[in-house]
Amino acid sequence: MANISTNEFKGGLKIMLDGEPCTIMENEYVKPGKGQAFNRVKIRKLISGKVLEKTFRSGETVESADVVDTELAYLYTDGEFYHFMNNETFEQIAADEKAVGDNVKWLVENDVCTITLWNGSPITVTPPNFVELEITETDPGLKGDTAGTGGKPATLSTGAVVRVPLFVQTGEVIKVDTRSGEYASRAQK
Amino acid sequence: MTDSTWQPTSSHQARLARATLLRRVRQFFDERDVLEVETPLLSHGTVTDVYLDAFATQFDGGGGQPATPLFLQTSPEYAMKRLLCAQSGPIYQICKAFRHEGEGRWHNPEFTMLEWYRPGFDHQALMDEVDALLQVCLDTPGATRHAYQALFLHYLNIDPLTADKSVLIDALDRHSIDIDSPQSLSTDSLLQLLFGAVIEPQIGHNAPAFVYGFPASQAALARLNSDDPRTADRFELYYQGAELANGFFELSDASEQQQRFRQDNAQRNTLNLPERPVDHHLLDALKSGLPSCAGVALGLDRLLMIQLGASHIHDVLNFPLSRA
Chain F
1 MANISTNEFK GGLKIMLDGE PCTIMENEYV KPGKGQAFNR VKIRKLISGK VLEKTFRSGE
61 TVESADVVDT ELAYLYTDGE FYHFMNNETF EQIAADEKAV GDNVKWLVEN DVCTITLWNG
121 SPITVTPPNF VELEITETDP GLKGDTAGTG GKPATLSTGA VVRVPLFVQT GEVIKVDTRS
181 GEYASRAQK
Chain B
1 MTDSTWQPTS SHQARLARAT LLRRVRQFFD ERDVLEVETP LLSHGTVTDV YLDAFATQFD
61 GGGGQPATPL FLQTSPEYAM KRLLCAQSGP IYQICKAFRH EGEGRWHNPE FTMLEWYRPG
121 FDHQALMDEV DALLQVCLDT PGATRHAYQA LFLHYLNIDP LTADKSVLID ALDRHSIDID
181 SPQSLSTDSL LQLLFGAVIE PQIGHNAPAF VYGFPASQAA LARLNSDDPR TADRFELYYQ
241 GAELANGFFE LSDASEQQQR FRQDNAQRNT LNLPERPVDH HLLDALKSGL PSCAGVALGL
301 DRLLMIQLGA SHIHDVLNFP LSRA
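Chains as they are written, first to last, in full-length UniProt numbering: chain F, 1 to 189; chain B, 1 to 324.
Just so you know, not all the hints are guaranteed correct.
The following label-pair restraints were derived from C-beta to C-beta distances [stated by the list, open to error]:
1. His154(B) with Thr114(F): 47 to 57 Å
2. Ala207(B) with Thr114(F): 23 to 33 Å
3. Lys10(F) with Thr270(B): 27 to 37 Å
4. Gln13(B) with Glu182(F): 39 to 49 Å
5. Pro141(B) with Arg179(F): 37 to 47 Å
6. Gly151(F) with Glu110(B): 33 to 43 Å
7. Lys50(F) with Gln13(B): 41 to 51 Å
If you are wondering where the hints come from, they were derived from the structure by calculation, not from laboratory data. Bear in mind that the values here come from a model prediction, so they are computed numbers and not experimental data. Backbone N, C-alpha and C fix where the C-beta goes; we use that ideal spot for every residue, glycine too.
Looking at chain F on its own, in the form it has when it is part of the complex:
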């Protein structure tokens, strides 16, 4: 793999650190007038999701990471793997449970997800910002309460549990923000 100098550091650059692919979130060049130059860098590890700060000597090199994002549609799971397809080339890729992680509860058939590949293998699966899912179970709620104050838990078809307003009922399809896991609205018919 190619080496990258700290001079090329910028937000979004993918590098290897402790054997794990990482993305650079922020890079600050620090150089006292009479002293040695450093790069103070904020880094997110792509597999563990851990965010950390690291200081490099300016001019030193690190290994670059072969990491690319692809947009793939979710097809199905066979219980062990989750299968995705490129809608243009029809090429399929299987991601394991580790790559999907907690996002399994936001996987909706035909939704286009961002699959991050490291050396060609999926390491993370990011669902769309909003997904539409059917409520399979929620308390009927109080009649007459339309303001939706307080809310109640609702179980969705994928097993996800979100807080919804009292007026939303079992069988309805709702829109959920996958980044916060919060109810956004009833789905547009």
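Fit chain B to the given chain F structure using the hints.
Chain B in isolation, oriented as in the chain F frame:
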């Protein structure tokens, strides 16, 4: 799509502010009988500082003459000191300086510097004058002053003049500064890392902060303090996250200067950096006698950034390096 990189990165407001700032600076020195001077940007000699890298070029003599290596100045210090040795009296200069180093929020390889020298001043008297200039140009409150040693004791509980590397490396750990093989860094680099990450964010928020009494190993061109020769009569100015200025009670001893140049080049050798040609004109001038004086260099682009609340140096430069 049209490429828009021909356009300046600064606003017209920034250009107006720069013109006003330059006018005020000139008026300030005019009122104090400090003479504006010009010296060459291209020079045969250059600085030997281990962590200052000058742009190099060459002059092709023509007619089969060998080409002469030349350097773009990293500051006008040496040439201005030669003027002082030639009895110029107090002088100032507004010029471009060039440093072959990285780009960043506070850094462009070509930048504008204000540098001035005051015969008869020591570093404390010069800090008074820098403070006065800031109050005139930026309307700042009066500056605070801090001894380097006192800051380390206060914020890190470390005496920077006696601490060995293991103590400094422990402090890096305690403040979550994660860097590979810190043992290979010099004591001065460790001190600078701690200063930048732990102390700098704490000082110079409301009023400009002067820091003086740097360790003798970071004296650069300052004389050593007569009461405590473990420290140098050098100061730096910090304000709102920027290192704004660096000043010295100037070293005038030619042989000590020559020795520091030699040490720099020796250290350059151990770090596999090229040796730099020593500026013999400066050494000859110092031998003829530099009047006792203090001098300071101040980054005008950074001053303008603070004045305008700019977050990046590009906002106050018409054409930063990428568009130059």
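Hints, verified against the model:
| no. | hint | in the structure |
| --- | --- | --- |
| 1 | His154(B) with Thr114(F): 47 to 57 Å | 48 Å, holds |
| 2 | Ala207(B) with Thr114(F): 23 to 33 Å | 48 Å, violated |
| 3 | Lys10(F) with Thr270(B): 27 to 37 Å | 32 Å, holds |
| 4 | Gln13(B) with Glu182(F): 39 to 49 Å | 41 Å, holds |
| 5 | Pro141(B) with Arg179(F): 37 to 47 Å | 44 Å, holds |
| 6 | Gly151(F) with Glu110(B): 33 to 43 Å | 59 Å, violated |
| 7 | Lys50(F) with Gln13(B): 41 to 51 Å | 42 Å, holds |
Of the numbered hints stated above, those contradicted by the structure are hints 2, 6, listed in ascending order.
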